[in-house]
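So the chains spell out like this:
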Amino acid sequence: MRLIVPLQGVVQGRGGLFVGSLIPCCLFYFLQLYLKRRRSPPPPPPPPDSDSSSELPRTSSRSSLFTRGNSIGRVRVSSRAAPLAKPPDSPYYIGLERVKTDPYDRVTNRDGIIQLGLAESTLCFDLLQRWMSENLMDSLMMQSDGSGFDVSTIAMYQPFEGLLEAFADFMSRIMGGNVSFDPSNMVITAGGTPAVEVLAFCLADHGNAFLIPSPYYPGFDRDIKFRTGIELIPVHCRSSDNFTVTVSALEQALNQARKRGSKVSGILFSNPSNPVGNILSRETLHAILSFAQEKNIHVISDEIFAGSVYGVDKEFVSMAEVVAASASGDFDKSRVHIIYGLSKDLSLPGFRTGVIYSFHEDVVSAAKKLMRFSSMPVPVQRILISLLSDTRFIEEYMAAHRQRIRDKHFLFVEGLKQLGIPCAESGGGLYCWVDMSSLLTSYSEKGELELFEKLLSVAKINATPGTACYCIEPGWFRCCFTALADEDIPVIMERIKLLAEPSTS
Amino acid sequence: MGLPLMMERSSNNNNNKVELSRVAVSDTHGEDSPYFAGWKAYDENPYDETHNPSGVIQMGLAENQVSFDLLESYSEKKNPEGSLWGSKGSRGFRENALFQDYHGLKTFRQAMASFMEKIRGGKASFDPDRIVLTAGATAANELLTFILADPNDALLIPTPYYPGFDRDLRWRTGVRIVPIHCDSSNHFQITPEALETAYETARDANIRVRGVLITNPSNPLGATVQKKVLEDLLDFCVRKNIHLISDEIYSGSVFHESEFTSVAEIVENIDDVSVKERVHIVYSLSKDLGLPGFRVGTIYSYNDNVVRTARRMSSFTLVSSQTQHMLASMLSDEEFTEKYIRLNRERLRRRYETIVEGLKKEGIECLKGNAGLFCWMNLGFLLNTKTKEGELELWDVILKELKLNISPGSSCHCSEFGWFRVCFANMSEKTLEIALKRIHEFMDRRRRF
Chain L
1 MRLIVPLQGV VQGRGGLFVG SLIPCCLFYF LQLYLKRRRS PPPPPPPPDS DSSSELPRTS
61 SRSSLFTRGN SIGRVRVSSR AAPLAKPPDS PYYIGLERVK TDPYDRVTNR DGIIQLGLAE
121 STLCFDLLQR WMSENLMDSL MMQSDGSGFD VSTIAMYQPF EGLLEAFADF MSRIMGGNVS
181 FDPSNMVITA GGTPAVEVLA FCLADHGNAF LIPSPYYPGF DRDIKFRTGI ELIPVHCRSS
241 DNFTVTVSAL EQALNQARKR GSKVSGILFS NPSNPVGNIL SRETLHAILS FAQEKNIHVI
301 SDEIFAGSVY GVDKEFVSMA EVVAASASGD FDKSRVHIIY GLSKDLSLPG FRTGVIYSFH
361 EDVVSAAKKL MRFSSMPVPV QRILISLLSD TRFIEEYMAA HRQRIRDKHF LFVEGLKQLG
421 IPCAESGGGL YCWVDMSSLL TSYSEKGELE LFEKLLSVAK INATPGTACY CIEPGWFRCC
481 FTALADEDIP VIMERIKLLA EPSTS
Chain R
1 MGLPLMMERS SNNNNNKVEL SRVAVSDTHG EDSPYFAGWK AYDENPYDET HNPSGVIQMG
61 LAENQVSFDL LESYSEKKNP EGSLWGSKGS RGFRENALFQ DYHGLKTFRQ AMASFMEKIR
121 GGKASFDPDR IVLTAGATAA NELLTFILAD PNDALLIPTP YYPGFDRDLR WRTGVRIVPI
181 HCDSSNHFQI TPEALETAYE TARDANIRVR GVLITNPSNP LGATVQKKVL EDLLDFCVRK
241 NIHLISDEIY SGSVFHESEF TSVAEIVENI DDVSVKERVH IVYSLSKDLG LPGFRVGTIY
301 SYNDNVVRTA RRMSSFTLVS SQTQHMLASM LSDEEFTEKY IRLNRERLRR RYETIVEGLK
361 KEGIECLKGN AGLFCWMNLG FLLNTKTKEG ELELWDVILK ELKLNISPGS SCHCSEFGWF
421 RVCFANMSEK TLEIALKRIH EFMDRRRRF
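So the protein lines, in turn, are chains L and R. The end of the first sequence is residue 505 by UniProt numbering, with every number in the run present. The end of the second sequence is residue 449 by UniProt numbering, with every number in the run present.
Just so you know, the hints here were simulated from the structure itself, not pulled from any lab data. Honestly, I wouldn't trust all of these hints.
As the list claims (entries may be wrong) - With a straight-line Cα cutoff of 27 Å, these simulated DSS-like cross-link-like pairs (lysine-lysine) come out:
hint, chain 1, residue 1, chain 2, residue 2
1, L, K368, R, K17
2, R, K430, R, K339
3, R, K40, L, K369
4, L, K100, R, K361
If we strip away everything but chain L, and leave its shape as in the complex, we get:
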């Protein structure tokens, strides 16, 4: 009816009604025809001589069936796969691709695109490298009884018990030492990406939804939505709150979802948050937990940056700690799940190490079985047991890691400050959340994407625009600074300055 009414306004009376209903129908028909033509041709009916007889036709030359290429339809992929086959449309991925075409190198390619779009740290590689060269061979080859190399111990697939204990202990240290982690609640996966996906598969069905405070990490769209079919409902946070989520916003989002008929299964959030770098307070975490308890939904706390906290006055509190402190009778902790991994804190994304920590034993049991689709190789397990149990090294490493991020953060934020560009307050993560709205030609998503393109092509910098993170305020960009050398920072600032200066031509 809505289509017809405006057209009735154009041509009056019965004629209007007729034309008003005919035109949309025609348009719809032509649209269908257009879509049909664009789709691949349907498979042709089988040629008459080979139809439903019990014997296949014997052709004298095997190639004759295969050379009838023109009449054979193109075989199709599933509808789940189709979106993946197209080039990515999120600026997050577009930026990453562009850097690959012309990557900055301070020696060989000083005019290349500087990568600020990938949250990885190289700041403590020297320490890791030293550890590896001193300990690697032993950790890999030595038997537990001290005897020499036996290939069957790394070739055969066996889950190493020592790894869960080592990880549990490591997580406890990383997260402030105020809470202990039980190895029997842990499942280890080949990376943070599969950890998030496996957990999603266990907690919600196709078509259900998770609430997620935004701006959020663009990778979640892939990790959560792709194969599980679970929806992500952004809960918009604002700069006035320093982008911290509130229970009222969660409540509102949940009610709206229910009105739409969406079933919300849980809340997913990062702490420290990505892309803002917030550390959630104990009170906020408690409030989220109470909200989840009231609505009987899950809580997924992605704590993958827990060890990358640099704010001096900021204390990271794990959801596990809040759960331990809330030991009241009617609170069901089996709704709480934590994601962790070594890609950020220990700078080892190449090793593919992720952790699901769940207080729900059925989730642990199901996730353990699903682990077969993304399992950690035995050689890596052995190295990690050795690395994570070297508590002296871990302490030295974590202290250096935090300090170096703090130093780099200071330099980067100062540099931006000199240009009159402020950043959100942050205390963790490998990035900062930069307010570039002063550089926008129009205060809108369009303006932001234009700036993103200018940053890439003129300033030759890849930073992730807030649109890709579902930020509701335009002009914000995530800049990752932990793969930069100190001397790269003035180069970056000079380039940004190019965009800040009014053009003289």
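Got chain L sorted already, so can you dock chain R onto it with the hints?
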């Protein structure tokens, strides 16, 4: 035989408990089946030559331990650090730690391609850019299923088949399996009639068939698929406009290389893209190289769309960069791979002959096999009733009395009862002798009655 059940939801007894998904509560993981129950029995009482000689001998696990010494001598000869980090030694650590591109290391893909070509005696060529890496063949099979089929679509799979497929192909994907029934009258080879029947069955139930998945050489049969059958299969897939997946993870374990025809060989001589692009091959280093712990699998597809999509989806199941470095030099070492493949084949053949001869002496026949890490044994004549119950009864007796864990044919969806898969490559020769001795004693006792 009804169609396999979809995931079931168990009732949520506690009204206040937070809900889990269908995937989490379903039993599609199949770990309650006899296939896995036998493993539990083994875990509780594992055989050990010195410490537990009367324990359960694991003959239900298809793993290859016959050629470990070859791997060991290779690692010892080469610079160990080099093999870990590539030619740069520990300086290569930086690249290892950071690298997480789903394309995979070019050197490793090239090494895989060349290894796969060697296994096929150079009869087919593999393009490294069509190789997508996954953390094991289990992941490769699941990934392909996600890409080629939607929930409630079906793949046709010839029986008997690897019990793990019920879980790997169906659990998270929501895709169904429709069996193509094969029987002993023609050595369990796939016939055109069986193919058509399976397709009709699916169509009558309003289920859309998206592809055929075969394992070649077959698990559990331990035999290669004949070239003519492969050609018929490809014909069938072209006519129905569906995909053909060939899981060739045992291709390096064929006793005589000349007896194996890969689907790659058939496709090699076809120019028509619309024919080629429905063919996909799964491979892994877990069986041929005896390295299941390394978690290395691959999808090789002749379809550009599938390669691109699989690559992107492989983010969920990447092979660690360190693993790739470790194995790249080994797999591209011509001298090593030639020697390994040749010796591995010989040793497996000898093992096979040992067990088949030993069983024959007891009046037990096996299907004529020429590949793999197991044999397909016929104990139909020992069943009280030729039913699934009768078969499971016998299986239980073998597990409890002989303390041998073997896999019953019914767990492989075999439509004839009394067949069992017996693995022989995951133990020492001595242990194999002990197993045969136990069978001899058992048959002796039966003969006396």
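The hints, checked one at a time:
no.	hint	result
1	K368/L to K17/R	21 Å, holds
2	K430/R to K339/R	25 Å, holds
3	K40/R to K369/L	15 Å, holds
4	K100/L to K361/R	65 Å, violated
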